[in-house]
Amino acid sequence: MQLNPWALTGIVLVAVVVPYLGHRSSRSATSTHDFLLARRTVRSRRNAAAISGEYLSAASFLGIAGIVLKDGADALWFPIGFTAGYLALMLFVAAPLRRSGAYTLPDFVEMRLGSKGLRRFSTAFVVFIGILYMVPQLQGAGLTLATILPMPVWAGGAVVMVLVAFNVISGGMRAITVVQAFQYWLKLFAIAVPAFVLCMVFFAGGGPDGFRPLGAAAPPVFTTDTTVDVQTDVTLHVTSDTYLWAYGRADNGPAAGPTHWTPLAPHTVSEGTKLKFLAGTPVPVVSDSVADNASWLHPGSGSLTDLLQTYSLMFATFLGTMGLPHVLVRFYTNPDGKAARRTTVHVLLLLGLFYLFPTLLGALSRMYVPELLVTGKTDAAILRLPSAMLPGIGGQILGAVTAAGAFAAFMSSTSGLLVSVAGVVSTDVLPGRVRDFRLATGLVALFPIGLAVALRPEDISLSIGLTFALAASTFSPLLVLGIWWRKLSWPGALAGMFVGGGLVLAALVVNVMSGYTGGWAPWFVNQPALITVPIAFVTTYLVSRVTGYGRPEHVHDIMLRLHAPDPLGFMRDRAVARFGQAEEKTRIAGRGRHRK
Amino acid sequence: MSDDFYEHRPNGVREPDPTLGRRPRPPRPLPQPTERAVVEPLPPAPEDEPPPKPEHHAKPKRERVILADPRRGAGTLRARVELEEQTSWGKLLVRDHLVKVQLRTALLLALLVVGVFGSLPALFYLVPGFSRLSLAGIPVAWLVLGVLPFPFLFGVGIWYNRLAERNERAFVDMIEN
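So the protein lines, in turn, are chains A and B. FYI, the working numbering numbers position 11 of the first sequence as 11, with every residue one higher than the one before it. FYI, the working numbering numbers position 36 of the second sequence as 36, with every residue one higher than the one before it.
Keep in mind that the hints were calculated from the coordinates and are not lab data. Fair warning: there could be bad hints in the mix.
[Claimed, not checked] In silico DSBU-like pairs for lysine-lysine, Cα to Cα no more than 30 Å straight-line:
# : chain 1 : residue 1 : chain 2 : residue 2
1 : A       : 487       : A       : 276
2 : A       : 487       : B       : 100
3 : A       : 487       : A       : 116
4 : B       : 100       : A       : 338
Please read all numbers here as calculations on a predicted model, not as lab measurements.
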């Protein structure tokens, strides 16, 4: 791939400006209180921009276009799900959770059920979810940097992780809020501007070589002579006799020159092979994706298992948002329950605005960069599309803009996740001072990087979908039933989390194994939420009904605190309880004596 | 202090009438500076923020320390006392009124959203003609899935926010009277 100097500049700019912004506001974040709470001076609109900025991860920026390129209209449920999950959060969780005074999910668990054991169990799941969410971000970062620079894929992920960890350690949450708000607007700009420009190019006659209409019941074709470097072993299939040149290894034999592939059997291509196609050749696609444009264009044209997988995805995304650690933590920066609800409305607006664009770019990619279907690395769609449609400097600059946006996406969501997971670890596992937070950040940062390097990169959206399924199966029964049902007991919550979380983790392991050994897993291993979420809810309900002893004593008080309107003054402020009000901080620090 | 049932404290916390107007109200206890200096299990949050500290404040300055803030002490002492006595309005809140109303609102709107989105995949699967409809060259399905959901979800969000705030206000008004 050609070195795009503009893209490199864009990325370096993002990588420099973001920590700089963090540093500037970090000079005032010196106490644990500041670190973790951004001093509650954050205004609602900026908080909404910060939440959206953090929420729009690589899955939203790159992953949606990539999966739309691969799966077509059925992939549109991803952005719908991501947004509807926020609505579900608002309807059921936002205001009561803020009023509970809980800063993190384990806090809420302890406040609601009073069980320290359950708290520790939920801390473990928060850490799992956070790490699982970070892995695709780092893989996506690796992919982005590998597209721009001749770097190995794992190196990009390591670079982003180190940068983010450094940013978090030096600034804590306050730095992150300002930075996240800025990053939302940066990402919106980075996706909207190329979308507008490329749309205009499309309507003006369609790029350098025209395009093939998407409605044809035929695969996309290469618009120019294209050479594809296969970087991992892939299995491809074609829908008609295809003539190409292959140099390397294909179909378990050496290939050096003209090759003919028939549609009767799939064709394996080994790593390191170069495939050369002439313009007008139909594009072979990776075995698990949609081969012809008609099924791509029309939703619901798959089999029954595809339908079930769509419903499963809906369960996962609608209920999973409330269980994500970096989402909940940012709620606490609202002053009260009413503000928490209002902020969520703003977030819905900002998210909706953003999600209009990746879909468009995904559709354009199907026409202009179909060669990504060959390698299966469709997540690079947004990065490759501008230079495919606009050769020359215009395309390079637009490509730089999207690369910068993608980079901002990795950095923002990774830092949000790192802050929240490290916060949970430092307050629940370590004593909870500023130094512990920094230590926790460093420790936690090691795991995603290890996993990102060790595991095969998958479609970002699919990995994120599984993470949402985990969040939906563990924390959403707890939150929804805990907030609205008096009779929840800690054994019930424990059972629900254990069963739901255990099933999803088992599905994850099976998924990884099947990825390495040929992809034999059935659909519910890819997206188990349709099965695991109802099971988790039912388990929680049933076990709670039979374990009456496990209910907290003062359920009425707790429910009062969660639901009483804010002016009545029941809302709890964890920071006040823990750190004291501003004027009491010195007393606590000085152990009750006047400081001399 | 005025004698109306509904009293505004400087920190914005309002004291509802715990007896719902049925019994003569017990005399209000005077704020005691030495009362309850320990951290209680249910400390309510003060409504107004302490003034923001100056930006580059690296070390805490010497400050006068108050052992028990009377503003915190008596203002919400009443609410806590009522809570511990489990009086009628607390139960009313939890059992009958506000929680159920809020839950019903949330469930109805959730049902609307789930109904709309849940029926779409089945519709596309069972009625292929629907998924092939086209409007000025753009497939209707892409508009329905890719553009329309976002204003819809935002609209439902605004609607819920309005309803929830109205429910809360109605409840507080009811309590006041």
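A quick look at each hint next to the structure:
Pair hint residue 487 of chain A plus residue 276 of chain A does not hold up; C-alpha atoms about 65 Å apart against a cutoff of 30 Å. Restraint check for residue 487 of chain A and residue 100 of chain B: the C-alpha separation of about 15 Å stays at or below 30 Å, so the hint holds. Taking the CA atoms of residue 487 of chain A and residue 116 of chain A, the gap is near 18 Å; set against the 30 Å cutoff, the hint holds. Proposed proximity of residue 100 of chain B and residue 338 of chain A is supported: the alpha carbons are some 18 Å apart, at most 30 Å.
Hint 1 from the list above is the single one not met by this structure.
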